[in-house]
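There are 2 protein chains.
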Amino acid sequence: MTKPNRRDMFKLGAAAGATMIAASARAASPAPTAPPADNSWSNSLGAPVDARPYGQPSKYESSVVRRYIPWLSPTRLADASFTPLQDQPGIITSNGLFFERYHSGVPTVDPKEFRLMVSGRVKKPLLLTLDQIMRYPSVSRIHFIECPANGATEWPAAQLNSLQLTHGMIGCAEWTGVLLKTILDEAGIHPDSRWVLPTGSDGAHMDRSLPMVKCLDDCILAWGQNGEALRPEQGYPLRLVVPGWQGNVNVKWLRQLQVGREPWITREETSEYSELLGDGKSLGFTWVMDAKSVITFPCPEKPLTQGPGFYEIRGLAWSGRGKVKYVDVSLDGGVNFQRAKLDNPILDKCMTRFTLPYWWDGKPALIQSRVTDDTGYVQPTIVQKHKFWGHDPVYENNSIQTWQILASGEVNNVQLS
Amino acid sequence: MTKPNRRDMFKLGAAAGATMIAASARAASPAPTAPPADNSWSNSLGAPVDARPYGQPSKYESSVVRRYIPWLSPTRLADASFTPLQDQPGIITSNGLFFERYHSGVPTVDPKEFRLMVSGRVKKPLLLTLDQIMRYPSVSRIHFIECPANGATEWPAAQLNSLQLTHGMIGCAEWTGVLLKTILDEAGIHPDSRWVLPTGSDGAHMDRSLPMVKCLDDCILAWGQNGEALRPEQGYPLRLVVPGWQGNVNVKWLRQLQVGREPWITREETSEYSELLGDGKSLGFTWVMDAKSVITFPCPEKPLTQGPGFYEIRGLAWSGRGKVKYVDVSLDGGVNFQRAKLDNPILDKCMTRFTLPYWWDGKPALIQSRVTDDTGYVQPTIVQKHKFWGHDPVYENNSIQTWQILASGEVNNVQLS
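Sequence order for the protein chains is A and B. The first sequence: position 138 = 138 (the UniProt record's numbering), numbered continuously. The second sequence: position 227 = 227 (the UniProt record's numbering), numbered continuously.
One thing to keep in mind: the hints can contain errors.
Any copy, or any two copies together, can satisfy a pair, since identical chains are not distinguished.
[Claimed, not checked] Calculated lysine-lysine pairs in the BS3-like style (CA-CA distance at most 30 Å, straight line):
no., residue 1, residue 2
1, 341, 325
2, 112, 363
3, 302, 281
4, 341, 323
5, 325, 181
6, 214, 59
Everything labelled a hint here was simulated from the structure, so no lab data went into it.
If we strip away everything but chain A, and leave its shape as in the complex, we get (with noise of 0.2 Å):
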């Protein structure tokens, strides 16, 4: 068969939509030709305005929850829980699916009792409370956050079958707050102050050297989360966002600023965070979440059950340098790629949708989207990654995931060699 042109496939599968759905229709339970079993909800009176001040989901989307992995870490309160990506429809990730990844569980921080302090080498020493803070200037921006370790189970070898546990330690939010640099202006830094070291109030007391120019930079102490205050799991109430770098510098609960002329070489960035070589030696400070991307449909959660025809290939791309540029799919495990559709808004260090047309012939298929972002930088493959970092890293695993499909519309994790 020719192979489509761009357009050409649009309109196939616009065409195809049409008759498979016919098709499908015929083969589907239950059949939507006829009318609904049950539809007494359009012959009743429903529940009242004052039934739920604070909402929740419908009980039929109870399954759609984070998880976590039993055997990755040997407690719940050092752990981390995964975002169910296959069931997020754009870039939003809702506030009660956000991944969570902490090292002394959830501490309760009370607002009136916050206090942060800014310390070390500033001309004024600051001792803020949460509404000092949020007198300043603001900001409000939307960026992914994504942990080092998302997809490290799979560094080896394809190993779990499910989207969420291979790429959920990921999320995007709307965050709003003050610039890093705001508060760092306020106490004044000397010449020769050239990191920072952020600690969390949480038991953990988690903290990472972070070098002023990024501090200086696009950092926010963020109070507000997706039309709300921060989430106990983000950090309530106050968080550093670091847009693009990994998830664990992002340091929540905050409780301190300390500056100084070195890194501090803490335990969070030797016995942790850090990658030891093949020579031995140890590489720290790879603070910046490289691009990638993923299909989100089909995937192991959801599979194709409805039958070969038209179906739309739906994924998330995001880059920790910048913007995306596009995405490419490819149906058949790399060879070939088509370029996809991307939905507004593309914006900074922030995840973008991407959409192709997708006609199923009902044949096995090998299918994977592979990111290019605005510095020139390309996704790339897990043999490519193995060149340079061997088989058995824990982190910065952002290479290009493959799906099969199965005859039976059934969908798999597996890597191509």
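Dock chain B against chain A, hints included.
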């Protein structure tokens, strides 16, 4: 005092922030120069990762909820609740706080039993399951939805001393779904099919006539809202999103799209959602929500509690006709205006966040915001609105809001004549 230009104003603001933080520190309680009295969360373990598969807000935010006006409706089953805009940090409205309006309560629709019928003057009537609808090419876009009765209580005079209750019948979300045009193309419309009647499956069978030209433009059959399935109060599992138009035409719990030659003139476009004019005639089909803005800080719920000094004025603006072009803020009841800063992204028929540095001298003030959209439309005063509409209409109150700041820092809702 010479009025500072904008650049000076900001410098003044930044400098003032520093000074006033120190000044207010002496006045504020608890004193910010002291460490917190309780920081037990720093010395203990928190909640484990499996405690909240679906997350919830902090217990300290329990007062941030939707509210209703007890005397507005004789029953909670045909009523409205209001978004707490005073606690919305950015442009995204939290799903749990998104305003509600319905006519026979919130139905509990089973997505497996859901059907959408497309009927009337079409070439091929359709009866579609939700799974089938979700196969079509999709889009994801951020739009506001506002009830035309938002501000209704304020027509005759300033009545409710609350941002939430005067402006909270609005929310803004990322909506994901299929363009209505895609489904109408699938059914095939006749050249003289100029109207569509969407009908809800709630007990009220809510329906509104929509002109075909809008249906083929940017309307969405949406199943996704801010990272998850639609909430029940927002029409789970499928609603119509009619960007920039009155909330009531964004029909929820959708069950049918009827195509015809003329509008249906339903109950909801005669007794409701039309405006009785002075000459006894009824004005209907006033679909578009004209440009509107409001200052969300300070406001009656969020007074200036920390004494004179630097604050940031914050607010939200939107237009049903396109994008926000600029927002001007007055500190003297509309005599002089300054241009506010707009946060990105600035999107079509979407909330836009604005800010202005504000040095409060401790004296009474009258603050206002005024939006201009990219069609050149300027938000009117209540006096201008009264000239056309009189003092006693229900809908279309998009007038400039005046907040009166008292010497105490308290903020009141007032109307300037």
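Against the structure, the hints come out as follows:
1. 341 / 325: both (11 Å within a copy, 28 Å between copies)
2. 112 / 363: between (60 Å within a copy, 27 Å between copies)
3. 302 / 281: neither (42 Å within a copy, 54 Å between copies)
4. 341 / 323: Classified as both: same-chain Cα gap 15 Å, cross-chain 23 Å, threshold 30 Å.
5. 325 / 181: both (28 Å within a copy, 28 Å between copies)
6. 214 / 59: neither (43 Å within a copy, 33 Å between copies)
Consistency with the previously given hints fails for numbers 3, 6, ordered from lowest to highest.
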